[in-house]
Structure formats: C-alpha cells, structure tokens
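So the protein sequences, as listed, match chains F and Z. This note's numbering puts the first sequence at residues 1 to 172. This note's numbering puts the second sequence at residues 1 to 164.
I should point out that these hints are in silico values taken from the structure, not numbers from a laboratory. The model shown is predicted, which means the values in this text are computed figures rather than measured ones. Built from N, CA and C at the ideal position, the CB exists for glycine as well. Do not rely on the hints blindly, as some may be mistaken.
Said to hold, decoys possible - Stretch-level coverage of chain Z by chain F, calculated; a stretch enters the list once three of its residues show a Cβ under 8 Å from a Cβ in chain F:
#1 31-41
#2 56-62
#3 131-142
Spelled out, the chains give:
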Amino acid sequence: MIDRDPLLDRVIAELKQPIEVDPAARKRLLDATRASPPRSLPGAVAAALWRRPALVALAAAAGIVLAVLAGPGADEEGGERWTTPVRFALAAPAVRGVALVGDFNDWDPKATPLEPSGSGDEWAVTVRLRPGRHAYAFVVDGTRWVPDPTAPRAPDDGFGVPSSVILIPERL
Amino acid sequence: MGVPVSDADLVRRSRGGDPAAFEALVDRHYPDCLRYAFRMLGDRAEAEEAVQDAFVRAHRALWRYRERDQFRAWLLRILANRCRTRAAAAQRRLRHLEAFAASVDRTAVAPQPNGGFGRAVQRALAALPAEQREAFLLKHVEELDYNEIARGSRAPACPRCGCG
C-alpha cells in the first residue's frame, strides 16, 4: 500500500470544508423546481420502472432496423425548413408495447408509441425529424430503456441512461 | 429511534408529486453540490446557478433515474455536466475580455502572498485542466467510486449490460 502524501490529505481536508448555503439561493432553487415538475409515466409504469426491471428476454432476438425514407416535408410550423420521415423499428417479440423517446418529443414515453407488425415481432413508427443530431431510445413495456444496439451511442448526458444518436442531413 | 428516510424513498415520493420529498433531497444534497460546483467554477454565483440548474434537470428527469445508481452520484454527474458547460461558456467570455483584462492594473488585484492555505488550494485547483479538476473532486472530495465517476464520463459503455 502506498502512503499518501500528508500534504495531499491536508488539501483534501481543506476542499471538503463546507460552503455556507445562502437561504435565498435555496429558495430560488425550490421555486424553480416547483415551476418545472417531473415528467411522469403513468403510475403503474413509473412504479415498474422504479423497481429497475431485470434484464429481460427481450434481447433474445432484438435487433433494430432504422430506415431513413427519402422525401422532404414541411416542418411542424409549416415553414420552409425541411423535415425527413424516419422509420424507427425494434424487433421485440413478446412485449406489450414499445415507445420512442428522444429530444424531438421531449423524452415523453407517451408521445410516440410504436405499432406492432402483423406477427407482433417487430414494432415500428415513422416520425418526421428536423435536420441535425437527435438522441433517442426505446422504452419497452414502459419499464425498459433500450438504446438502439446498431446505432451510435450518444454521449452520456449525465442522466445515467444510455441513448442512441441519429444524424439527419439537411437534405437527402 | 426513527429510521432515516432513504433517498430512494424520497425519489419515489417525489415522482408521486410530493414536493416536500424533493425539498428533503435538496436539503440533503445541496451542501455537497454547492461545494463541488464552487470548487469547479471558483465563483459562488456561478456555482449556485449550476447547482440550481442541476436540481431542476434532475427533478424533471426523475423517472430516468434508476435505483441501482446512488441518487447522490447520479445528481453529482448531472452537476458535473452543468459545470463543464458553464466552464466552457466562461472560457469563451474570458477570451472576449482578454483585451480589457490586459489594461487592468494587475497589482491591484493580484493574490496576496499570505492569502491562506485555503486560497492557495483553490488557486492550485483552478490551475488544473477542467477534466483533472473534475476527476480529483469527484474521487477525493465527493468520494465517488471509479465506476460512479466513469458513468458520467465518456468511458465506453459496459458491453454486457449497456449501462454506459
């Protein structure tokens, strides 16, 4: 075992000294959080997510198909910028539901559900995305956060949950 | 004797819409967060804003928090990201102010030679590259373990469980 330099211990002890909390700053913080409530999943879903689901059999045949379909369209304001329809698909047999979450839908798991294919093995949805970089992931059965295993992984955004990234060019 | 309420319980109650539970989390973790942000940014007002920003983001994203993670480590990683962003913005501002700074009488603001051990430590810390400062503070001051630190860094994701 290596002895640590006593000076380093003294430095660390100095840095561990608490900084006095300003009650006004604490109040501003609490006011800000009240103005920005948690986004919520439906109660049962949130409870299941909280229980941190085990790694499920989902991965058995999981694969992801992402096809960017050519063709521009108007953006949501009907303006001049182009959006691109993008098909997100997840092979996920024997699950009850899959949702797409990303920076384009404010990570809302209720906003963009995927539809099952005839056999029920694949789930897919097509959304229109603006040009640029988008981070996204899938939420399976409302409980399981699944990044796209075939897409580049997005840099960690500090929330501790991995997501994927897609780049939409200005024009295809 | 009462049993302290765990962070996990407080997060659960916060998700259920209990503002007092999140307030308890703030009171529990604000001091450590403020200390970290102040040590990283070297400015109290910047530190308070970074901490507020981190708590607001954590509050909005509570459903993305997973119990296998320590709430404190999760929160500190969010804060570390906010500090990085603020430090980068401060650097950009600094570049714009360089011309002005060059005209300031430096003798009027130069650190005094016997400014105390605390100030010497803060100056030494400020001289470190931001990444090293962040790692040093998270490891030695906030006492996160290496796995907890790595989850907030650009370290490769765990290939087995994708917990990156």
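Results for each hint:
no.: 1; hint: 31-41; verdict: holds (count 5)
no.: 2; hint: 56-62; verdict: holds (count 6)
no.: 3; hint: 131-142; verdict: holds (count 3)
No hint from the list above goes unmet by this structure.
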